[in-house]
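**Student:** Residue numbers (our numbering), protein chains in the order written: chain A, 4 to 281; chain B, 4 to 281.
These aren't lab readings, by the way, just hints derived from the structure by calculation. Every value quoted in this text rests on a predicted model; they were computed, and no experiment measured them. Treat each hint with caution, since some may be false.
One copy or two, either will do: identical chains are not told apart, so a pair holds if it fits within one copy or between any two.
Cross-link-like lysine-lysine pairs, in silico, DSS-like; alpha carbons within 30 Å at most [to be verified]: (1) K198 to K233; (2) K198 to K241; (3) K25 to K157; (4) K241 to K157; (5) K241 to K112; (6) K164 to K21; (7) K52 to K198; (8) K198 to K25; (9) K72 to K112; (10) K233 to K25; (11) K21 to K198; (12) K25 to K164.
Listed here are the chains, written in short residue letters.
Protein chains: 2
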Amino acid sequence: MPINPDAVGAKGDPVRRKWSSKDALLYALGVGAGTEELPFTTENTRDVKQRVLPTFAVIIGGGGAPMNKVGSFNPALMVHGEQSIELFDEIPPEGEIESVGEVTAIWDKGNAAVLEFTSESTNVANGKPLLRNRMTLFCRGEGGFGGERGPSIKLDYPDRKPDHEVTYTTREDQALLYRLSGDRNPLHSDPSFAKMGGFDRPILHGLCTYGFTGRALLHTLCDSDPSRFKSMSGRFSKPVLPGDALTVSMWVDGNECLFQTRTQRGDVVLDQGRMTFQ
Amino acid sequence: MPINPDAVGAKGDPVRRKWSSKDALLYALGVGAGTEELPFTTENTRDVKQRVLPTFAVIIGGGGAPMNKVGSFNPALMVHGEQSIELFDEIPPEGEIESVGEVTAIWDKGNAAVLEFTSESTNVANGKPLLRNRMTLFCRGEGGFGGERGPSIKLDYPDRKPDHEVTYTTREDQALLYRLSGDRNPLHSDPSFAKMGGFDRPILHGLCTYGFTGRALLHTLCDSDPSRFKSMSGRFSKPVLPGDALTVSMWVDGNECLFQTRTQRGDVVLDQGRMTFQ
């Protein structure tokens, strides 16, 4: 069965997920936070309250999409396209979330299908909306089913030098740590599996790059206060290798920031980035 | 109530502890294993079976000592003195252990008391002995209760250059990762707490140094095969700062190895080291 464009609008059953303070600490370390970010990497430092990185939203949320409705595609030819998060409240250090996922778009790019899923997550403790995830999967070889091409939106980056630039260096074993937050795809750890996928060696999780980028945005634009971080979206445009340095360039306009993340090779790896803050 | 020397021989109730594959992976990363040690840092690499570092014994074992019998001491003046492990079988990637702890010695060093605890751990799955932990606590200010001084054993290091030397560099945030394996003492993470303890900044867990050292011994002497690693003991002699390089010097005689671990400053941090292997 190929991609089924009629799946748009289909919702999944609510799914619940708990997380612990340790999960949040492990995630923060996995996206490179360290001794300079003790609110995110420790829970018992004197006069420091544990906080949670906003991009932890992708770990606890995003579930519940009715994957069985969208038809079939070859997972080996599928890549994560875009990822957006919206925060309606600060994520607590531990808690439980209930998420409802929906197929919100299916586009036919000719040589590929693009599937978009949106997931709304509620904080079980108080019943209030906590966050929203939206992500697209880019499925090579699955286009041509006669669907619409969909919009092609390109951000206009300002014609000036970035207002801020932050560089973080990932580690050789970054993916080994990041994967303990949940995504055990061996593409990120097994050299032989990565070779089958056409890579010289295991590549970093796109969402790990996303987390490094979110840290740069949080510390630069929100004074490290997660409650001021409102949304972030971007498109994965090239693979990152563990050990790469990631430079996040930011152009700020009021409470909005456009950003791009590049490696030391000059490759743009997270493109079309937009973030809002208070 | 001061130290109670009559506590020697007292046993605690059996305590059980489960561990998961993820616990073992997290520990391995916490003591510096990385992309060159995929059997210890991944569970799904093709043709690679997950193995467990022998020093994980200190995480899952060592419990069950009747601490309420030994009298009281000031924990702020207490340091971990010696640690020994014996492995009777290879530690599986996940499982459950039952441990019985015993007060096996209390010595009066004049200015300090030394408490020794021994814990025998059985693999619940098959009822067989799995490992033994022995550790001493050095309690400053608690000596002078009229007890025996105890033996003073010093290893005779051979009068030749080490047969092997291995250097691993710890990271600035090493303790932040290691602590997720269980020991959340803020001495290793909170700068203000460390200052109260008389340190310029947080120091590394002694057992993290122990784990780095165990990796060096395992890879150098056991061809990275945990089933060949039989025992390891050593004395914590100076603090390690996260970021320090650790050089393990080994003198081998048959199936026995004497070792010492030094920092780049030349400080011996793990002394009186003895390890046996097959």
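**Student:** If a hint holds in the structure, say so; if it does not, say that too.
**Tutor:** Okay, the hints, checked on the actual structure:
1. Neither within a single protomer nor between protomers do K198 and K233 lie at most 30 Å apart by alpha-carbon distance, with minima of 38 Å and 37 Å respectively.
2. Taking the shortest Cα distances, K198 and K241 sit within 30 Å of each other inside one copy (16 Å), while across copies they are farther apart (45 Å).
3. In this assembly of identical chains, K25 and K157 lie within 30 Å of each other by CA distance neither inside one copy nor across copies; the values are 38 Å within and 41 Å between.
4. Taking the closest pair of Cα atoms, K241 and K157 come within 30 Å of each other only inside a single copy of the chain (17 Å); across copies the shortest separation is 58 Å, beyond that limit.
5. Taking the shortest alpha-carbon separations for K241 and K112, only the intra-copy value of 19 Å comes in at or below 30 Å, while the best inter-copy value is 63 Å.
6. When the C-alpha separation of K164 and K21 is checked against a cutoff of 30 Å, the pair qualifies neither within a copy, at 42 Å, nor between copies, at 54 Å.
7. Taking identical chains as interchangeable, the C-alpha atoms of K52 and K198 lie at most 30 Å apart only when they sit on different chains, with a minimum of 19 Å there against 43 Å within one chain.
8. For the identical chains of this complex, K198 and K25 are inter-copy neighbours only, at 25 Å across copies versus 33 Å inside a copy, given an alpha-carbon limit of 30 Å.
9. Taking CA atoms no more than 30 Å apart as the test, K72 paired with K112 passes inside one copy only; the shortest distance there is 20 Å, against 73 Å between copies.
10. For a Cα distance limit of 30 Å, the shortest separation of K233 from K25 inside one copy, 24 Å, qualifies, whereas the shortest one across copies, 32 Å, does not.
11. When the C-alpha separation of K21 and K198 is checked against a cutoff of 30 Å, the pair qualifies neither within a copy, at 35 Å, nor between copies, at 36 Å.
12. Proximity of K25 and K164 under a CA criterion of 30 Å is satisfied in neither setting, with 39 Å inside one chain copy and 44 Å between copies.
Checked against the numbered hints above, the structure breaks hints 1, 3, 6, 11 and 12 and satisfies the rest.
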